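> Please construct the entire structure, taking both the sequences and the accompanying hints into account.
In my numbering, the protein residues as written are 21 to 480.
By construction, these hints were calculated from the structure, which means they are not laboratory data.
As the structure is a computational prediction, the values presented were derived from the model and not from experiment.
Built from N, CA and C at the ideal position, the CB exists for glycine as well.
Watch out, some of these pointers could steer you wrong.
Label pairs and their computed distance ranges (CB to CB) [as the list claims (entries may be wrong)]: (1) Q66 <-> Q332: 48 to 58 Å; (2) E238 <-> A123: 33 to 43 Å; (3) E238 <-> S333: 51 to 61 Å; (4) A181 <-> R31: 25 to 35 Å; (5) L324 <-> V32: 22 to 32 Å; (6) V32 <-> L198: 48 to 58 Å.
Derived SDA-like pairs: lysine to any residue, alpha-carbon spacing no greater than 25 Å straight-line [said to hold, decoys possible]: (7) K233 <-> A274; (8) K197 <-> L168; (9) K477 <-> A416; (10) K298 <-> E270.
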Amino acid sequence: NTLFNTDIQIRVDRRTTLAQLKEKLVPLIGVPPTGFKVYRVYNNQQEYEMERLTDSLMAIPSESRFVVRLGRALQVGEYRIKLFLLHISNTELFNLMMESIVAKNTPVREFKKQIIEEAKVQGIDCVLELDKMRLRKKTWRSPGTVYLDHQLIDKDIHVYADSEMYVEPLKEPEKMKLPTQMQVYVRRWRPSECSVDPTEEIILDTASPLDLKKKLSELSKIPVDAISVAKGVGSFPAEISCLDIENELEWDPAIQSISQTPFSLYDDGGVIYYKDNKEKIELSKIIELTNEITALTKFKTGILKERDDLQQSLAQSSAEKTKLSDQLKEMKKKAAALENNLKLTQIKHQENLSQMLADIASLKEFNETLLVTRDQLQKERDQKLAKSNELENEIATLTAAKTEILKERDDLQQSLAHSSAEKTKLSDQMRKIEEKVKELENSWKVSYKDVTLLHHKLGS
Numbered sequence: 021n022t023l024f025n026t027d028i029q030i031r032v033d034r035r036t037t038l039a040q041l042k043e044k045l046v047p048l049i050g051v052p053p054t055g056f057k058v059y060r061v062y063n064n065q066q067e068y069e070m071e072r073l074t075d076s077l078m079a080i081p082s083e084s085r086f087v088v089r090l091g092r093a094l095q096v097g098e099y100r101i102k103l104f105l106l107h108i109s110n111t112e113l114f115n116l117m118m119e120s121i122v123a124k125n126t127p128v129r130e131f132k133k134q135i136i137e138e139a140k141v142q143g144i145d146c147v148l149e150l151d152k153m154r155l156r157k158k159t160w161r162s163p164g165t166v167y168l169d170h171q172l173i174d175k176d177i178h179v180y181a182d183s184e185m186y187v188e189p190l191k192e193p194e195k196m197k198l199p200t201q202m203q204v205y206v207r208r209w210r211p212s213e214c215s216v217d218p219t220e221e222i223i224l225d226t227a228s229p230l231d232l233k234k235k236l237s238e239l240s241k242i243p244v245d246a247i248s249v250a251k252g253v254g255s256f257p258a259e260i261s262c263l264d265i266e267n268e269l270e271w272d273p274a275i276q277s278i279s280q281t282p283f284s285l286y287d288d289g290g291v292i293y294y295k296d297n298k299e300k301i302e303l304s305k306i307i308e309l310t311n312e313i314t315a316l317t318k319f320k321t322g323i324l325k326e327r328d329d330l331q332q333s334l335a336q337s338s339a340e341k342t343k344l345s346d347q348l349k350e351m352k353k354k355a356a357a358l359e360n361n362l363k364l365t366q367i368k369h370q371e372n373l374s375q376m377l378a379d380i381a382s383l384k385e386f387n388e389t390l391l392v393t394r395d396q397l398q399k400e401r402d403q404k405l406a407k408s409n410e411l412e413n414e415i416a417t418l419t420a421a422k423t424e425i426l427k428e429r430d431d432l433q434q435s436l437a438h439s440s441a442e443k444t445k446l447s448d449q450m451r452k453i454e455e456k457v458k459e460l461e462n463s464w465k466v467s468y469k470d471v472t473l474l475h476h477k478l479g480s
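And the structure:
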């Protein structure tokens, strides 16, 4: 698919409808489904707009190409019309003016107003006036039926997908008012000057050759009986060499109606040549014109030779061009494969990145838990260290008390040696003191054991 001059490959189910396909394209384009159009590209590079949203892709083969263009998509009952600007004095008849969307049953006059406004918005360099312009059918390059203001789109005027119309500016207000009238382009041939006047037009009320000559007489001031007419040959604008105009055209055929052969005029837009049959051809003019044609022929021959040389040169490089084309196709395939691999790698890296982010979050949470645990252990260590200091102080106190008691015991033993009478009494006191000492020793041992265990824990 071609999108913003970029090739993109997508995969869709054959049962997918156009509406579903457009929904799938929305993220790639960035506009809603009504803001772009989808065209199918055929093998001859011709594009066809896909309009029916309910149609599936069943009939479209794999590897088909589509073109996506920004622009309002058609709604039900709407038609997209390609408008071409028609200037009779300009030989460039195929320049696309613009595209316009018109709804079913819209009057031609309203469509004209719409065209004028849209041309202003788009900055189209053309002066259009509502009463001095006409819409008409475009058949390949030829202008056809003139559409009247009261006629309705798709009712009186048949339209279809990608219909084409001419927008024709007029010098005067539109003179054609009835569908029974016929618009004809006329060109005056001047034999004495070997020249043809610019194209003009007349509006015929009937198909009578006499009516045609009367209209031409009003236009040219040539008497009716002095006017000769001939139908232009070939497609519009039916141009012909001045050297051939007298002999190649069939002048004044015996017909009762311009719809008869060789005129065969059934619709608007026909080209009629006319002349003053009393005007004679001057030989000098023919010689002068012949010389000009000869010079142009020589120039054309030179151009054709240059073209042939160029074609020969191109033919020599055709093989190289084919080789380069094959290499380009192969490079495009490799580029597409690399792009797909890149997308897969990006997806995989994205998944790995998501997992890494999740692991980092878990590690961060675990680290916060460790910090809390460290703070708690530090607090417990400080508490146990304080308790250890208290126990050491208590042991020191008990040790001092033991020393004092032992001193008292020694003093008592010494006193016992001097006083036997008091021995018994002292013996009882001594026994009590020893019991107290044992209690203190037991208490000291317990405290010492607690301090040792606490030191061991603090060391750990």
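> Next, verify each hint and record whether it holds.
Evaluation of the provided hints:
Between Q66 and Q332 the beta carbons are some 30 Å apart, a value that contradicts the proposed interval 48 to 58 Å. Taken as a hint, the range 33 to 43 Å holds for the pair E238 and A123, whose Cβ atoms sit roughly 40 Å apart. The hinted range of 51 to 61 Å is satisfied by E238 and S333, whose Cβ atoms lie roughly 57 Å apart. In this structure the supplied range 25 to 35 Å holds for A181 paired with R31, their Cβ-Cβ distance being about 27 Å.
Distance hint check for L324 and V32: the Cβ-Cβ separation is about 50 Å, which falls outside the suggested range of 22 to 32 Å. For V32 and L198, the Cβ-Cβ distance of about 52 Å falls inside the hinted range of 48 to 58 Å, so the restraint holds. Taken as a hint, the K233 and A274 pair is honoured in the structure, with Cα atoms around 14 Å apart against an allowance of 25 Å. Taking the CA atoms of K197 and L168, the gap is near 7 Å; set against the 25 Å cutoff, the hint holds.
A hinted pair counts as satisfied when its Cα atoms are at most 25 Å apart, and K477 with A416 qualifies at roughly 21 Å. Proximity of K298 to E270 is assessed by CA-CA distance (about 17 Å); at most 25 Å being required, the pair is judged to hold.
Hint compliance for this structure: hints 1, 5 are broken, all remaining hints hold.
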